[in-house]
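Student: Sequence:
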Amino acid sequence: MSSACGTIVLWSKRGELRPKRRKKDDPTPSALIAQLVEKGEAFVANDVDGAAYPDSSSLVKPLYPDSLFEAQIPGAVLVEFVVDLKGRAMMETFSAVTTTHRQLVEPVRRAVQQQEFYPASRRGKVVQQVMQLPFLFVPDSTARRRR
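Heads up: the sequence shown begins at 1 in the working numbering, then just goes up one per residue.
Just so you know, not all the hints are guaranteed correct.
Restraint-style ranges between C-beta atoms, simulated for each label pair [unchecked claim]:
hint, residue 1, residue 2, range
1, D49, E70, 42 to 50 Å
2, R122, D25, 30 to 38 Å
3, R102, V138, 16 to 24 Å
4, L85, R110, 38 to 46 Å
5, M91, Y53, 14 to 22 Å
Hints in this document: simulated from the structure, not taken from any laboratory.
Computed from a prediction, not measured in an experiment: that's the story for all the values here.
Glycine is no exception: its CB is placed at the ideal position from the N, C-alpha and C atoms.
Given the sequences, and given the hints that come with them, work out the whole structure.
Tutor: And the structure:
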């Protein structure tokens, strides 16, 4: 009598966090930013002594979407969000101001969510600041796609 033995391997990956869906009555990200600025809970760059900026020791680069990378299509995204007192992006305020390709927005969203920032300061205190941050996607024909 012969028997066969095999191995079944299951691979499970934790699902990626998706942005929360905005409810019908929730303000848009830009309306939320306007409310925070109006209440004096967040400031624009011109109204702070030291502007918020990304921590260069832990820069997070967005992934170039495969379809655009392989087609060597460049792109750009300008996003806006509020950097909180702890140096994290308030993702409920995140929005793409401009983009050349819609497929670039989600990789930028993920990068901003993971990025650490130095918070802004005003009159010697740490404050929340509205930040606009540009991202450029430039194809490099000599580079191989890394996974």
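Student: With reference to the structure, classify each hint as holding or not holding.
Tutor: We went through each hint and held it up to the structure:
Hint check: D49 to E70, Cβ distance near 45 Å, so the stated range 42 to 50 Å holds. Judged by the Cβ atoms, the range 30 to 38 Å given for R122 and D25 holds: they are separated by roughly 32 Å. Here the CB-CB span from R102 to V138 is close to 18 Å, well matched to the stated 16 to 24 Å. The beta-carbon spacing between L85 and R110, approximately 22 Å, falls outside the hinted interval of 38 to 46 Å.
Separation of M91 from Y53 is about 18 Å and conforms to the stated range, judged on CB atoms against 14 to 22 Å.
Checked against the numbered hints given earlier, the structure breaks only hint 4 and satisfies all the rest.
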